[in-house]
Amino acid sequence: MKKYALYPGCVMPTEQYAYELSIRETFPLLDIELIDLEGFSCCGEPMKSVNQLMTLYLSARTLAIGEKQDLDLFVPCPMCHLALSECKRVLSSDSDMMKRINDMLATEDLCYGSTNDIVHTVDILYDVIGIDEIKQHVKKFLEGLKVATHYGCHLIRPSEIGRPVDSENPQKMEKILSALGAEPVDYAEKLDCCGAPILVNLPESALTKTGQKLVAVQEQGFDVFVDVCPWCHRMFDSKQVKAGETVASKLEVPVVYLTQLLGLALGVKKEKLGFDLNLSPVDKLKIGD
Amino acid sequence: MSNRIGVFVCHCGINIAATVDVEELTRYAADLDNVVVSKDYKYMCSDRGAKLIKKSIKENKLNSIVVACCSPRMHEHTFRGVVEDGGVNAFNLEIANIREHCSWVHEDKKRATQKAKALVRGAVAKARLLEPLERSKISVTPKALVVGGGISGIQASLDLAEEGFKVYLVEKSPSIGGRMAQLDKTFPTLDCSSCILTPKMMEVANHQNIELLTYSEIENVEGNIGSYKIQVKKKPRYVDLDKCTGCGDCVSACRLNNRISSEFDMGMGKRSAIYIPFPQAIPLKCTIDPEHCLLLTRGKCGTGPLCVEACEADAIDFKQKEEKIELDVGAMIVATGYDVLDMSTVYEYGYARYGDVITTLEMERLISSSGPTGGEILCPSNQEKPKSITFVMCVGSRDETACTWCCRIGCMSALKQVYLLREKLGDDVEINVCYTDVRSFGKGYEEFYRNIRGVKTNFFRGKPSEVRNSKDHLKMDVFDTITNKLFEMNTDMVVLVPALVPRSDADELTRILHISQSGDGFYLEAHPKLRPMDTFTDGIFIAGCCQGPKDIQDSVAQASGAAARAANILSKKELEAEPLISVVDEDLCSGCGTCISVCSFNAIELVKEEDGKSHAKVIEGLCKGCGSCVGACPSGAMQQHGFKDKQILPMVEETI
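If you read the sequences in order, they're chains X and D.
All the letters of the first sequence, read from the start, carry residue numbers 1 to 289 under my numbering.
All the letters of the second sequence, read from the start, carry residue numbers 1 to 656 under my numbering.
Extracted from the complex, chain X is given alone in its bound form (with noise of 0.2 Å):
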């Protein structure tokens, strides 16, 4: 059994609770041991453009709690996962900077070495525990299930810096859902933006991409959207109504995360996967009812 220390951020704990609680319920039953990490803060990316050295030393001190306990970090939300991988690659090529940050966390008596390593869901899935043993654990096959997948901007990009899948042909989702059965299905669409960056300035664009993407998927007839990307499933999920009166559209599309899908085929009941938290229509979905 693999351990990660799970650390969750801040849309998680406040709001999207059933990323979480699907992640609780699933990865145990394929081998993986999430261990809490105690005292974890912001990971920064929220003040970025105002103090960047607030950003690297936020994510540094997370790193280095997790570092204290010999854990690789296990970081669902992706905007959490590159700020993490951003503050490892800039501390690893800079030893002024590792240096300063150094200093700085000296006051909590922790240390960052950059050893340890930091994984998303989409990682430990796909690369940890692997398609094929993901296979052997399926219960129920979700077959016949059209998906949309939705993998979000920070999972991809920049590609300098190093993100858990490729930034213009993503595949990795597509294959663990079709170790589930499912059938995801390519469209054009798959890399839009969801909208959630410019929320706060311009509510209207933003409501206007997430409802385009998801008019795009209602049109080509599919079961379900699926995503990885707490900040990605506000937007889809939560807005859903809100964006399809922007685009002057009834949605009715079924939003849920990836590891509620594999919470289903591995045969975990839907109501401890959050599925009562989702506000849309995943009433549609008839599986594991």
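Misleading hints may appear alongside valid ones.
Simulated crosslink set (DSS-like; lysine-lysine; CA at most 27 Å straight-line) [said to hold, decoys possible]: (1) X:LYS146 <-> D:LYS471; (2) X:LYS146 <-> D:LYS143; (3) X:LYS139 <-> X:LYS286.
With the Cβ distance kept under 8 Å, some of the chain X side facing chain D (calculated, not the full set) [said to hold, decoys possible]: (4) GLU168; (5) ASN169; (6) ASP186; (7) ALA188.
Label-pair distances were calculated between CB atoms; the ranges are [claimed, not checked]: (8) D:ILE596 <-> X:ASP103: 49 to 59 Å; (9) D:ILE196 <-> X:SER92: 52 to 62 Å; (10) D:GLY375 <-> X:SER92: 26 to 36 Å; (11) D:ASP342 <-> X:LYS242: 38 to 48 Å; (12) D:LYS387 <-> X:THR115: 58 to 68 Å; (13) D:THR481 <-> X:SER92: 32 to 42 Å; (14) D:LYS385 <-> X:LEU34: 54 to 64 Å; (15) D:LEU649 <-> X:ASN51: 54 to 64 Å; (16) D:ARG255 <-> X:LEU34: 58 to 68 Å; (17) D:ALA30 <-> X:GLY113: 37 to 47 Å; (18) D:THR345 <-> X:ILE131: 19 to 29 Å; (19) X:THR115 <-> D:ASP507: 35 to 45 Å; (20) D:LYS529 <-> X:ASP103: 32 to 42 Å; (21) X:ASN51 <-> D:LYS385: 55 to 65 Å.
Please keep in mind that the hints were generated in silico from the structure rather than gathered at the bench.
On a predicted model such as this, the values are computed, not experimentally measured, just so you know.
Every residue, glycine too, gets a C-beta built ideally from N, C-alpha and C.
With the hints as your guide, set chain D onto chain X.
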């Protein structure tokens, strides 16, 4: 008697003199042991510099020379000639590189001068111990091998054959012709490609000095300049070349007729399992594709192979086996051409997803009147005429995530196709061109471009972000950086202009031939400006796109150049070999064979002595003087002329 040394310091204009105090360096060298004379001059490689060296040799009875100048790769050869002219053995010369290793890489004049002194000190230390060496003779086989039967290989073969040398032209595929045979017209003159190529192919086939080996591959190369031994694998065609008349009856009889994707038509058309790649193929003979033929893959073809039944000449022979042929040649020209980048790796342009996204080479086959559609332009997905065609240039080229280089033919080939399409389809078809920069650099190219801009065509300076399908057409957004506007385009057909990349088996051939590749994977020339056709392996030359992307005119020019370079060698009865090779001290050698295991040129053998012991022996013609064996020898018995331990170690000691 110890050597009498002369030191000659070059200013190289200000290349060296600006950073190194050359006068001080010259004075310093004069005081070193055994140095009889020390002089400086503005350009030592000039005629007056050479005279200065020769005069000093005579006046001071010098027998060992140190020149402090640029890299030995630049001028060692020059100065060898100078000292030899002056009456000193050419190998009693040592170069101290105070340009690339000193002046060009430093700024602080004082410290640079100090470093230059150390380099000269070391060179003088070695010069004290240099010994005269003699060049041995190598005999030359007056025959050449040309690898690759595209336009470059054809041109090089014809040139050499005309000079009177026997040429073996080895081509991997069933016919010569290469990429040029696939083209409809050529830019900028719009000559019909096959009209100008076919006569040359015929000439190759009929030339008494050329032996054509198609459907064959180079397997192994041994030997050295003047006498290479080549092993060629002749793949079985399962057709007797002497009997086959090229009538094509078997082709239409084949059970798989029109069912196999044609390589020549870039997958746009179909062929059968027994096939002639294109109507003008040389040799015009059939070949059975062993990967598809039912009899060869399954051991059974219906009630019996229909090709055998159809063949009146009784030419089909399923018992044919692979043949190995040995060739002796004095020089080689490699002209293996290019591949186009696999467009499915540039995922965003939808080549892997949408049938109507094609490449320029595929479009070329659609335009060609001998192509799969007989020259009609039809969308592959529905076989309908497109109302709008969009070209996307530089796909994968000039792109840091794929190929950093320019493909050099993309702009012009796309412009040519625009012209041909306009001619075929008339004015009511919309043609868009999305370009990065139009590079119309060759003779007559800019004029051609200007003409096309006059033809009703929309030019956008920008790359589309991606290609998507939308019901019955393809759509894309492109930001035009000239008008600063975002355009949303709908189009029926997208033509990608792909990056040119080295052949997929380029690495393999590099290994067989012991030549080098540059970082991009193309074969590396010995000097980018002054030896563009040579490789670092003597007697092997490169021509055409295997050295880097180029158009037909440049390929032909380079091929003729390479042929002339090869003829330089083939026209001599014998060549002089560099004596800087390894030599064994037989008394010290225990015959352990370590040197043999590290030698990449098979230049060392074990020789049995009378008392049953054995020792290593260097085969002089094969040794390239790389020094690997010297480093590997545990007893110090292996030494390299000009780089002996007793010469190198004092040099190191003095330098540091």
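Structure-based check of each hint:
no. : hint                              : in the structure
1   : X:LYS146 <-> D:LYS471             : holds (19 Å)
2   : X:LYS146 <-> D:LYS143             : violated (65 Å)
3   : X:LYS139 <-> X:LYS286             : holds (16 Å)
4   : GLU168                            : holds (4 Å)
5   : ASN169                            : holds (4 Å)
6   : ASP186                            : holds (7 Å)
7   : ALA188                            : holds (4 Å)
8   : D:ILE596 <-> X:ASP103: 49 to 59 Å : holds (58 Å)
9   : D:ILE196 <-> X:SER92: 52 to 62 Å  : holds (58 Å)
10  : D:GLY375 <-> X:SER92: 26 to 36 Å  : violated (59 Å)
11  : D:ASP342 <-> X:LYS242: 38 to 48 Å : holds (43 Å)
12  : D:LYS387 <-> X:THR115: 58 to 68 Å : holds (60 Å)
13  : D:THR481 <-> X:SER92: 32 to 42 Å  : holds (37 Å)
14  : D:LYS385 <-> X:LEU34: 54 to 64 Å  : holds (60 Å)
15  : D:LEU649 <-> X:ASN51: 54 to 64 Å  : holds (59 Å)
16  : D:ARG255 <-> X:LEU34: 58 to 68 Å  : holds (60 Å)
17  : D:ALA30 <-> X:GLY113: 37 to 47 Å  : violated (57 Å)
18  : D:THR345 <-> X:ILE131: 19 to 29 Å : holds (23 Å)
19  : X:THR115 <-> D:ASP507: 35 to 45 Å : holds (36 Å)
20  : D:LYS529 <-> X:ASP103: 32 to 42 Å : violated (53 Å)
21  : X:ASN51 <-> D:LYS385: 55 to 65 Å  : holds (60 Å)
Hint compliance for this structure: hints 2, 10, 17, 20 are not met, and every other hint is.
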